[in-house]
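*Asks:* Here is how the chains run, residue by residue.
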Amino acid sequence: MPSHAGTPLIEATGLNRVYHRPRTSLTRPGAAVHALRDVSLTIRRGERFGIVGESGSGKSTLLRLLCALDRPTSGSIRFDGQEVSGRPERRLRFLRENLQIVFQDPMSSLDPRMRVRDLVAEPLVALGLPAGDRVSELLAEVGLPPEAADRYPHQFSGGQRQRIAIARALAPRPKVLVADEPVSALDVSVRGQILNLLADLVDELGLTLVFVSHDLSVVRHVCETVAVMSAGEIVETGPVDDVWEAPAHPYTQELLRAVPTLEGLW
Amino acid sequence: MSDPVSTLRVEGLTVRAESLELVREVSFTIAPGERVGLIGESGSGKSLTALSLMGLLPEAVTASGTARLGDRDLVGVPENRVKDLRGRDVSMVFQEPMTALNPLMRVGAQVAEVMTLHGTPRHEARERAVAMLERVRLPEPGQVARAYPHQLSGGQRQRVMLAIALANGPGLLICDEPTTALDVTVQKQMLELIAEVAPALLFITHDLAVVASVCERVLVMYGGRVVESGPIREVFTRPRHRYTEGLLAASKLTPRGTRLPTVQGSVPSAGQFPDGCVFRNRCPHATPTCETAPALTGDGHAFACWHPAD
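In order, the protein sequences belong to chains A and B. Position 100, counted from 1, in the first sequence is what our numbering calls 100; the numbers after and before it change by one each time, with no gaps. Position 92, counted from 1, in the second sequence is what our numbering calls 92; the numbers after and before it change by one each time, with no gaps.
So here's chain A without its partners, still in its complex pose (with noise of 0.2 Å):
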């Protein structure tokens, strides 16, 4: 773990963000939708940060503030001491060469039509770096075999195409991995891979996670830290051991009672 490991990497303040509904008369403005209220966190260097909650908790927007792919209404949100929102993408470099995403389905984030060597390095075009040997490193790095590279996105399976899509984001060496459901869509055979893979990366390139999943069991595993949230507010957040035995907040307790487990089994 880097030495200054436990300072703040990502700190958002005070995050609102508001859409609007298109309008449905001629004399009054579309319903405006409350998607973040007053939303506050702070990750630490090298933390393994989960993020929880249900479809339309607004995990999805505050991802995609948090990685500069929307603006806040209002609030802040600093990378590394830099301020991030409001920034126009010439001037986001730092962040898209430290921040990384891996998506849900990795059926839709590969282009079908790139090669998957040309998949892995496109962060690396994007950004202007020299791709030389990497894409092979990366692909050794997520156990695909050198050849991966030369084929294509649809003959590969679920797992595998996870894998690189993991390769892709770790192309530019980031410090920051953001990870949105990248199980939800694959095998219970497989997903182990997936989790077993992600942690080892982890520990190895000292990354920072942002895991982001509707199934806080998955969270606990993954991560040291929970944010639970729900009608765009975190309504809860912690060490995620001590959210999952004593969850303070009542969706936090529904959450925990509604997932069905195999424990009353053994």
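Think of the hints as simulated: they come from the structure by calculation, not from any bench. Since we're looking at a predicted model, the values are computed, not measured. Each hint can be trusted.
Between beta-carbon pairs, the in silico distance windows are: (1) A109(B) to G81(A): 55 to 61 Å; (2) R87(A) to P284(B): 49 to 55 Å; (3) P29(A) to A109(B): 32 to 38 Å; (4) R23(A) to E196(B): 39 to 45 Å.
Some but not every residue of chain A turned toward chain B, in silico, with C-beta under 7 Å: (5) S55; (6) S189; (7) Q193; (8) S217; (9) L262.
Quick reminder that beta carbons are idealized off the backbone N, C-alpha and C, glycines included.
Place chain B on chain A using the hints.
*Replies:* Chain B only, in chain A's frame:
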């Protein structure tokens, strides 16, 4: 209402697409009131099994073997006879309610449609549609009946699907991943509802915890075959087939910082499964014996494995 003593008996069900055998020799029974889970990963043949019972296989895909619900044949009968059974004796709830419902039709009319198609007079069907929406516990069913699918939430839409499926009082309800697209809190209510209203249930899912909360008996499919079957508690606490064992181990999330147990490799695509035991190329216990296909043997708790777990 259909005959209450209509046990589903499936024997030697095989599904082929040209030369590819996608489902092989699947046999099981479901008694009235029984809730049976069919679990397996993507590509295991579980959805094809369900679709062949519904007579909904794609064109180039054919089913052989027998499946009888009471005294009515479901497999190998011409479409004009299957269409009398589908939606009346056997009905199905699909995974994605947004694509299964007609976006241009009010939901009440969609519930009524399945009844008029099977001979219920129009006005009666309209009244019963509202009653069905109430039965699946939609609040203010009269209003919901006048809504279009896009005006409802995912959970509400799936309840409408269930109302449609139950409208003619079928003898068998098939649910194919009915809650995969839903949030966990909504999923819980939906599962409770399904368990309560199903006349006899074939519940398809990849989620072991979900199947354990709904069903009494389970069939585990892999590579188009049933590799293990039995009472759910027994199969899940004492799995015999190595695939079931691996699947259960992989479903348990161990504490942070530990390695998750995994099943090596990935599910092969159709036609790429090995001869003999379908799991042998991923099985840590495979020996040359496994080149011969093991039969599904055992009373109550059955499994098809040469080197079963204790």
